[in-house]
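Enquirer: For the numbering used here, count along the sequence shown from 1 and bump the result up by 32.
Bear in mind the hints are in silico, worked out from the structure with no lab data behind them.
Since the model is a prediction, treat every value here as computed from it, not as a measurement.
Treat the hints loosely; a few may be bogus.
BS3-like, lysine-lysine: derived pairs with alpha carbons at most 30 Å apart [as the list claims (entries may be wrong)]:
hint, residue 1, residue 2
1, Lys235, Lys324
2, Lys162, Lys235
3, Lys309, Lys445
4, Lys289, Lys271
5, Lys99, Lys162
6, Lys287, Lys324
7, Lys320, Lys392
8, Lys495, Lys392
9, Lys162, Lys74
10, Lys413, Lys384
11, Lys544, Lys495
12, Lys359, Lys309
13, Lys324, Lys305
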Amino acid sequence: MVKKNVFDFNLPEINENDFNAENFESLFDDQKNAKVQGAVVKGVVVSTDEDCVVVDAGLKSEGKISKREFGNDEIKVGDLVDVFVDRYETRDGSIVLSREKARREEVWVKLEKIQEEGTIIKGRLLDRIKGGFSVDVDGLIAFMPGSQIDIVPVKDLNAMVGKELDVLVLKMDRVRSNIIVSHRAILEEERTKQRAEIIKTIKVGDVLDGVVKNITDYGVFVDLGGVDGLLHVTDISWKRIFNPSEVLSLGQNIKVKVISYDEESQKVSLGMKQLEKDPWEAMSSDIKAGNKVKGKVTNLADYGAFIELETGVEGLIHSSELSWTNKNIHPSKVVSIGDEVEVLVLEIDEVKRRISLGLKQCSENPWAKYGDSNKVGDVIKGKIKNVTEFGIFVDLGDDLTGMVHLSDISWEKSGEEAIKDFSKDQEIEAKILDIDLENQRISLGIKQMDESKASSSVEGLRKGATVTCVIKAIDEKELTVEVEGTEATIKKIDLSKERSEQRTDRFAEGEKIDAKVVSVEKKTGKIKLSVKALEADEERKAMEKYGSSETGAVLGDILGVALEEAKSKK
Numbered sequence: 033m034v035k036k037n038v039f040d041f042n043l044p045e046i047n048e049n050d051f052n053a054e055n056f057e058s059l060f061d062d063q064k065n066a067k068v069q070g071a072v073v074k075g076v077v078v079s080t081d082e083d084c085v086v087v088d089a090g091l092k093s094e095g096k097i098s099k100r101e102f103g104n105d106e107i108k109v110g111d112l113v114d115v116f117v118d119r120y121e122t123r124d125g126s127i128v129l130s131r132e133k134a135r136r137e138e139v140w141v142k143l144e145k146i147q148e149e150g151t152i153i154k155g156r157l158l159d160r161i162k163g164g165f166s167v168d169v170d171g172l173i174a175f176m177p178g179s180q181i182d183i184v185p186v187k188d189l190n191a192m193v194g195k196e197l198d199v200l201v202l203k204m205d206r207v208r209s210n211i212i213v214s215h216r217a218i219l220e221e222e223r224t225k226q227r228a229e230i231i232k233t234i235k236v237g238d239v240l241d242g243v244v245k246n247i248t249d250y251g252v253f254v255d256l257g258g259v260d261g262l263l264h265v266t267d268i269s270w271k272r273i274f275n276p277s278e279v280l281s282l283g284q285n286i287k288v289k290v291i292s293y294d295e296e297s298q299k300v301s302l303g304m305k306q307l308e309k310d311p312w313e314a315m316s317s318d319i320k321a322g323n324k325v326k327g328k329v330t331n332l333a334d335y336g337a338f339i340e341l342e343t344g345v346e347g348l349i350h351s352s353e354l355s356w357t358n359k360n361i362h363p364s365k366v367v368s369i370g371d372e373v374e375v376l377v378l379e380i381d382e383v384k385r386r387i388s389l390g391l392k393q394c395s396e397n398p399w400a401k402y403g404d405s406n407k408v409g410d411v412i413k414g415k416i417k418n419v420t421e422f423g424i425f426v427d428l429g430d431d432l433t434g435m436v437h438l439s440d441i442s443w444e445k446s447g448e449e450a451i452k453d454f455s456k457d458q459e460i461e462a463k464i465l466d467i468d469l470e471n472q473r474i475s476l477g478i479k480q481m482d483e484s485k486a487s488s489s490v491e492g493l494r495k496g497a498t499v500t501c502v503i504k505a506i507d508e509k510e511l512t513v514e515v516e517g518t519e520a521t522i523k524k525i526d527l528s529k530e531r532s533e534q535r536t537d538r539f540a541e542g543e544k545i546d547a548k549v550v551s552v553e554k555k556t557g558k559i560k561l562s563v564k565a566l567e568a569d570e571e572r573k574a575m576e577k578y579g580s581s582e583t584g585a586v587l588g589d590i591l592g593v594a595l596e597e598a599k600s601k602k
């Protein structure tokens, strides 16, 4: 017995006695025919009927192919056709051929060459499937991912079904019969070429056509045909825009102007409003400082309200200019977006393009009105709005509030003890001690209602006298002191002649200081003191005693002598 080796294509064992020339030729034919299974070969049509076409491919036997596989092709006896050897030999010894698979194999080989060369071919989108589209490419079904359909997002993907597009073959897997194609790759290649051309010619001032590619909170990215430019939200319109999506949408065609270009980074800044006339140049002459104008509330912020006076011209009402009686009120408590309001133009800064407006100035000032109809010493009635650790706040009407300081509640009790006798909504009477319209403060006193005690509290004190007092309380604006058993105040501005020394934080509670009595009000018991006035008196006396500048004496020398004398006395 002779056996084949591993290179004999699995031929069956044969008997030496049967091994002759005729047998060898038969075995060789079997070997040759077995190798063509799964390959495309040439064949001749030997016969046809309504259902089948018989083809002789030079193999062991003829093969039958369904006529449907030839499609609309007209087939006649003698035609030479490509066929695919699907099965070399079935159980009954016949050969299975396929015209359809031959065509597929032809296209597959063709596509492999196309992929290798990077050639563009046509593909028709057949249907939407998970993740993308099925695509007919020369009779083969390929896959196009959704991300490969275009450079910019496509709004309606279903509308793409049935369209024919140029595509590139990205990947082929014969084992899995997978083909992946892309239309975007072609667009990006064209875009790269266009970008190079645009970069060469782009310059500031150019007006270009673009397509909205992406929208963010701060602006819009515009495709200029290969180059992306940024259209900042502030350059879209002369009107205030808070989000670009208010006026622009993806895929929208727009005209833009190049307002800056950085050659190094190749960043392009674009503008739309620059294609329109600047509204500030055509602003009405009525909009000027001191005039009252009407406008519309366009936006509210924590710090104020924006008012559109004309198209593209906006002003700001700062929160401090909304109300006479509440400096920290939120704009939403006073106006709403869309309201038509009358405002006063306070200031126009043409360089910074800012207009400052006031709303409260268009209504009567209740502080001024109160000052016109009331005076120091008058007695008022009102309900307590609030009781705090430093005093009592009283409702005076017209949203005005007066305050009774702890030191002005009682003659007999300390402020901390006396304030316990009062509560919110309690009706009280008090005397007006001071009306400060500039700082919008009205000081009231309850203990001053007893004029006899007010008068006795200031007995022995006269205007112009020098007194030694003890500091009882300190705040940013004044010192509260005790002088001869009576409370008095020293304002911040009266603490020193030197501006740098006019600070309440230089002092401490319990500290003794000398001051001059500058006013005594017997009706209210109010005493005002001044360290600055005392320093001025001492300076004047020193000048009189030691000479003046006319005698050649220097003020510093005079004060030095006076200080030395004062030290020696001590």
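Enquirer: Does each hint fit the structure? Answer for all of them.
Expert: Evaluation of the provided hints:
1. Lys235 / Lys324: 44 Å, violated
2. Lys162 / Lys235: Status violated; Cα separation ~45 Å.
3. Lys309 / Lys445: Roughly 72 Å separates the two Cα atoms, so the pair is violated.
4. Lys289 / Lys271: 18 Å, holds
5. Lys99 / Lys162: Outside the cut-off at roughly 34 Å; violated.
6. Lys287 / Lys324: 38 Å, violated
7. Lys320 / Lys392: 18 Å, holds
8. Lys495 / Lys392: 41 Å, violated
9. Lys162 / Lys74: It is violated: about 39 Å lies between the C-alpha atoms, which goes past 30 Å.
10. Lys413 / Lys384: With a Cα-Cα distance of about 49 Å, the restraint between Lys413 and Lys384 is violated, given a limit of 30 Å.
11. Lys544 / Lys495: Given that 30 Å is the threshold and the Cα spacing comes to 20 Å, the pair holds.
12. Lys359 / Lys309: 38 Å, violated
13. Lys324 / Lys305: 28 Å, holds
Checked against the numbered hints above, the structure violates hints 1, 2, 3, 5, 6, 8, 9, 10, 12; every other hint is satisfied.
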